[in-house]
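Heads up: the sequence lines are chains A and B, in that order.
First residue of the first sequence? That's 1 in our numbering, and the numbers climb one at a time after it.
First residue of the second sequence? That's 343 in our numbering, and the numbers climb one at a time after it.
Be aware that one or more of the hints could be misleading.
Subject to a maximum C-alpha distance of 35 Å in a straight line, what follows is the list of computed DSBU-like cross-link-like pairs (lysine-lysine) [unchecked claim]:
id	chain 1	residue 1	chain 2	residue 2
1	B	Lys408	A	Lys66
2	A	Lys113	B	Lys585
3	B	Lys455	A	Lys243
4	A	Lys22	A	Lys113
5	B	Lys508	A	Lys53
6	A	Lys66	B	Lys585
7	A	Lys53	A	Lys213
8	B	Lys654	B	Lys508
9	A	Lys22	B	Lys408
10	A	Lys53	A	Lys66
11	A	Lys155	B	Lys555
12	B	Lys395	A	Lys155
13	B	Lys497	A	Lys155
14	B	Lys585	B	Lys555
15	B	Lys395	A	Lys53
If you are wondering where the hints come from, they were derived from the structure by calculation, not from laboratory data.
2 protein chains.
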Amino acid sequence: MDKDKTEKGYPRETSTDIGERKIIDIIASHLEAMPNLPVPFGDDVAAVNLDQKQVAVLKTDMLVGKTDVPRNMSLWQAARKAVVMNISDFASKGVQPIAALVSLGLPRDFMRKDIEEIARGLNAGAREYGAYVIGGDTSEASDLIISISLFGTAKRAALMLRNGAKPGDVLAVTGFFGKSASGLCLLLDNCSTSPNLREVLLGAVCMPKARLKEGLALSHSRAVSASIDSSDGLAWSLHEIGKMSNVGFVVNSVPVADEVRRFAEFNHLDPLELALYGGEEYELVVTVKPKRWVDAEAAVEAVGGCLLPIGKVTRDRQMLLDVDGKKRVIEARGWEHFKSKV
Amino acid sequence: MDKDKTEKGYPRETSTDIGERKIIDIIASHLEAMPNLPVPFGDDVAAVNLDQKQVAVLKTDMLVGKTDVPRNMSLWQAARKAVVMNISDFASKGVQPIAALVSLGLPRDFMRKDIEEIARGLNAGAREYGAYVIGGDTSEASDLIISISLFGTAKRAALMLRNGAKPGDVLAVTGFFGKSASGLCLLLDNCSTSPNLREVLLGAVCMPKARLKEGLALSHSRAVSASIDSSDGLAWSLHEIGKMSNVGFVVNSVPVADEVRRFAEFNHLDPLELALYGGEEYELVVTVKPKRWVDAEAAVEAVGGCLLPIGKVTRDRQMLLDVDGKKRVIEARGWEHFKSKV
């Protein structure tokens, strides 16, 4: 018998071979679907109908010490980040988070001050965005696990899902990309930079911000046809919207952060690579109805943010980068557990 | 300097020294409290007001491979149990669970069939109690982590909290105790028994049932003044209700399962020890207004369950076992992560 096959003829794939996204597909295929789900399985959040208009919005995601917490990140920052990364998913749907629960896995040798630091970080992450931590549980685990679940309510019609992008819509983002990827290069690879730049890039890794104000403003503007957060990278976000909306994109301008251009030059790296495929960033990636662009832009600016147009939605299921007359394909890769190395 | 103290004079306590319950207290003390919480922090579930009458009910708890999954438990059973243990908390408050989210930590060497088995177990656990798994996320972790969060809605007035027990109320439980503890003795210690009994006792460990029907019926009867599930053991449940309601108990009859009496006799163990302090059981422990006892009993029997009176609530903050004229104190111990050995 082929040693790479099981007795049933399945390939002998481990979770590393399969990868996070395929694992989610495998799990989903074995779940009985709840009738009348207001949000399709696989969107940034899940939801349940409360009445004719209102939905309960739910999200859970965990932070794992070994893979998600670089050495220089404090426990306070790790706990705060665990909350913020869930809030970013709410932001991308335009939903105000109300309450968070935490399920904590703690190694046996964690000290009282470590636990206090985690508690303060959880509280800070929630309060920064107007939510409260209202409950949870702890268990013993061999690695630090901070699993957050988030709850909020929303009008069903105001949810910005992944599946509404239409050809001709404007592709836009709420900020510049590549700082987290550059920060991770500093931490994990042999990159270097000036002390000032180092602080900015590590700050992007350790103190991420969720674009909640922007997401709420965009939802309120009713100008957005599709939305996702960029936690798995800009390229991946485009492929996800493309898949769920059955469209493609032409990107005319990659929103690379200035700091990333300088960092990339100094270290002989490709700034587009850092901005497109880095991940661990929490900008919103949205498509906007062209006639409502001004409303969308004004809504975001009114809350102190910015909305950068970077391309167009196309009928063709292509993912094209078209900058300075040079075309290249935007690949379907980005940050992925089991496949990305930390 | 004392080597057991830190520079701040704190004792050098690890999470093992502190224990799960104290850890939760430490965390809670660092969280800003949400105003108007309908359920006190530390009850079996958390909740948020939806409107004047309705609340959203939330719960999260994780199952950890190393500490919560004995060797003979299949992944299907482990995944199902992760859901059921959360549903038991809903049952104890009288709340129908609607939707579950799963945050999964998978070791790198898990195979596709392992993932499928987990997915089927999650689905089975939810569907068995009328809920659906509607979303989640996966991460890489060094140990299997199944973190479930559960959502439902309820009328605030129908929630059975831990804090309403009154002196004179009847103490009652929904079944007999000690089977899980005996099963764990079989698996982890050098105990033995007949094949038939072995199957029953291991079944209690691997295929726990949540008393959801009973909990819903009791809530509907409006006869219950306080309620908790017994996942940390009967003794611990009594101490928790006692603390939250500021009452004590006299237990006149410990509901030891017949199988546990036989198992204990064969292995020279104390059956009361197994029934009181074992934990990992999912019966409901409730206090019932004496004038409404008949209604409570009838409600549970109408759904095929049983309600066993085992004692009385007292004004004295004592926890007394008073059987056959012999009195002993019911200690505040039970199943606790970081302190219990698996």
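> Within 35 Å, alpha carbon to alpha carbon, are A/Lys53 and A/Lys66?
Replying inline: violated (42 Å)
> Is the straight-line distance between the alpha-carbon of B/Lys585 and that of B/Lys555 35 Å or less?
Replying inline: holds (27 Å)
> Quick one, are A/Lys22 and A/Lys113 close enough, alpha carbons at most 35 Å?
Replying inline: It is violated: about 39 Å lies between the C-alpha atoms, which goes past 35 Å.
> Is B/Lys497 close enough to A/Lys155, meaning Cα to Cα at most 35 Å?
Replying inline: Given that 35 Å is the threshold and the Cα spacing comes to 21 Å, the pair holds.
> Keeping to a limit of 35 Å between CA atoms, is the pair of B/Lys395 and A/Lys53 held or broken?
Replying inline: Holds: B/Lys395 and A/Lys53 sit about 18 Å apart, inside 35 Å.
> Is the straight-line distance between the alpha-carbon of A/Lys53 and that of A/Lys213 35 Å or less?
Replying inline: Given pair A/Lys53, A/Lys213 holds - Cα atoms ~22 Å apart, limit 35 Å.
>> For a C-alpha distance cap of 35 Å, please report whether A/Lys113 and B/Lys585 respect it.
In response: With a Cα-Cα distance of about 27 Å, the restraint between A/Lys113 and B/Lys585 holds, given a limit of 35 Å.
>> Check the hint pairing A/Lys66 with B/Lys585 against an upper bound of 35 Å on the C-alpha distance.
In response: violated (38 Å)
> Does A/Lys155 pair with B/Lys555 here, judged by a C-alpha cut-off of 35 Å?
Replying inline: holds (32 Å)
>> Checking one constraint from the list: CA of B/Lys408 to CA of A/Lys66, max 35 Å. Satisfied?
In response: Distance of about 17 Å is within 35 Å: holds.
>> Would the hint linking A/Lys22 and B/Lys408 be met if the CA-CA limit is 35 Å?
In response: Holds - the C-alpha atoms of B/Lys408 and A/Lys22 are around 25 Å apart, at most 35 Å.
> Going straight from one Cα to the other, do B/Lys654 and B/Lys508 come out at no more than 35 Å?
Replying inline: Holds. B/Lys654 to B/Lys508 sits at ~10 Å (cutoff 35 Å).
Hints 4, 5, 6 and 10 from the list above are not met by this structure, while the remaining hints are.
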